[in-house]
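*Asks:* What follows is each chain in one-letter form.
2 protein chains.
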Amino acid sequence: MSTDRLSMTLQALADPTRRAILARLATGEATVNELAEPFDMSLPAVSRHLKVLERAGLVEQGRTAQFRPRKFRPEPLRDLAGWLENYRRFWDESFDRLDAYLKELQKGEKHGSDPKDR
Amino acid sequence: MSTDRLSMTLQALADPTRRAILARLATGEATVNELAEPFDMSLPAVSRHLKVLERAGLVEQGRTAQFRPRKFRPEPLRDLAGWLENYRRFWDESFDRLDAYLKELQKGEKHGSDPKDR
Chain L
1 MSTDRLSMTL QALADPTRRA ILARLATGEA TVNELAEPFD MSLPAVSRHL
51 KVLERAGLVE QGRTAQFRPR KFRPEPLRDL AGWLENYRRF WDESFDRLDA
101 YLKELQKGEK HGSDPKDR
Chain E
1 MSTDRLSMTL QALADPTRRA ILARLATGEA TVNELAEPFD MSLPAVSRHL
51 KVLERAGLVE QGRTAQFRPR KFRPEPLRDL AGWLENYRRF WDESFDRLDA
101 YLKELQKGEK HGSDPKDR
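Quick mapping for you: the protein sequence lines, in order, are chains L and E. For the first sequence, the numbering used here assigns the number 1 to the initial residue and increments by one for each residue that follows. For the second sequence, the numbering used here assigns the number 1 to the initial residue and increments by one for each residue that follows.
To be clear, the hints were calculated from the coordinates, so they are not data collected in a lab. Be a bit skeptical, because a hint or two may be false.
Same chains, same names: a pair is fine if it fits in one copy or spans any two.
Derived EDC-like pairs (lysine to aspartate or glutamate); straight-line CA-CA distance at most 20 Å [to be verified]:
1. K103 with D92
2. K103 with E93
3. K71 with D92
4. K71 with E60
5. K71 with D15
6. K51 with E75
7. K51 with E29
8. K71 with E29
9. K51 with E37
10. K71 with E37
11. K71 with E34
I would like the entire structure built from these sequences, with the hints used as guidance.
*Replies:* Here you go:
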């Protein structure tokens with residue numbers, strides 16, 4: 001199996017339960033016990049999924065002794081979004097136009113009314 | 001293994017060679033032979049990767065008899081980008097502001113100078 005960073009992220013996300021755990025953690029920290037309950041999973045099963053998410057850098061363990069709440073880390077998703085941007089032109093017809101438009105706006109701002117940019 | 005659509009997409013992308021094949025096909029159709037050459041891979045190896053990409057809907061087989069060029073299909077990437085949007089606020093500080101700004105622009109256009117919108 002491949003171990004480059006992006007492949008690990010994609011591999012970790014390629015499971016609906018792990019995506020559900022991530023969605024839960026995105027609303028706030030949770031312990032393994034708190035995660036196991038709504039998903040109706042055994043603690044070892046939750047722990048296994050968390051380990052995959054942790055290796056991918058999507059989840060980190062808190063340092064509070066005993067309970068060690070898990071915390072969502074968005075960085076790997078940001079990198080994945082960056083990779084996807086290479087392909088956006090294939091489905092987003094308005095992307096090129098928006099991109100051109102935003103560049104125009106930036107140009108306007110530089111020559112225009114924002115005193116911070118002078 | 002999970003077989004929901006998004007999981008299949010992520011699974012297919014979780015390999016650097018498959019992502020490289022996809023990047024090549026995004027520049028234009030190619031036959032299995034044409035794909036095998038630059039990647040220095042055997043035809044069966046390329047075929048195996050292509051099968052995973054095809055099952056995920058990221059590649060389709062052309063109907064030209066004999067050569068059957070493979071073609072890139074962007075739809076699964078668009079859906080993945082849609083899923084990622086749920087998390088964009090975690091890394092894109094300017095996202096909320098840009099979103100608000102674009103809504104303002106749209107409002108301006110509606111009340112403004114584009115006759116198509118009236």
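*Asks:* Going through the earlier hints one by one, which of them does the structure break, listed in rising order?
*Replies:* No numbers; nothing is violated.
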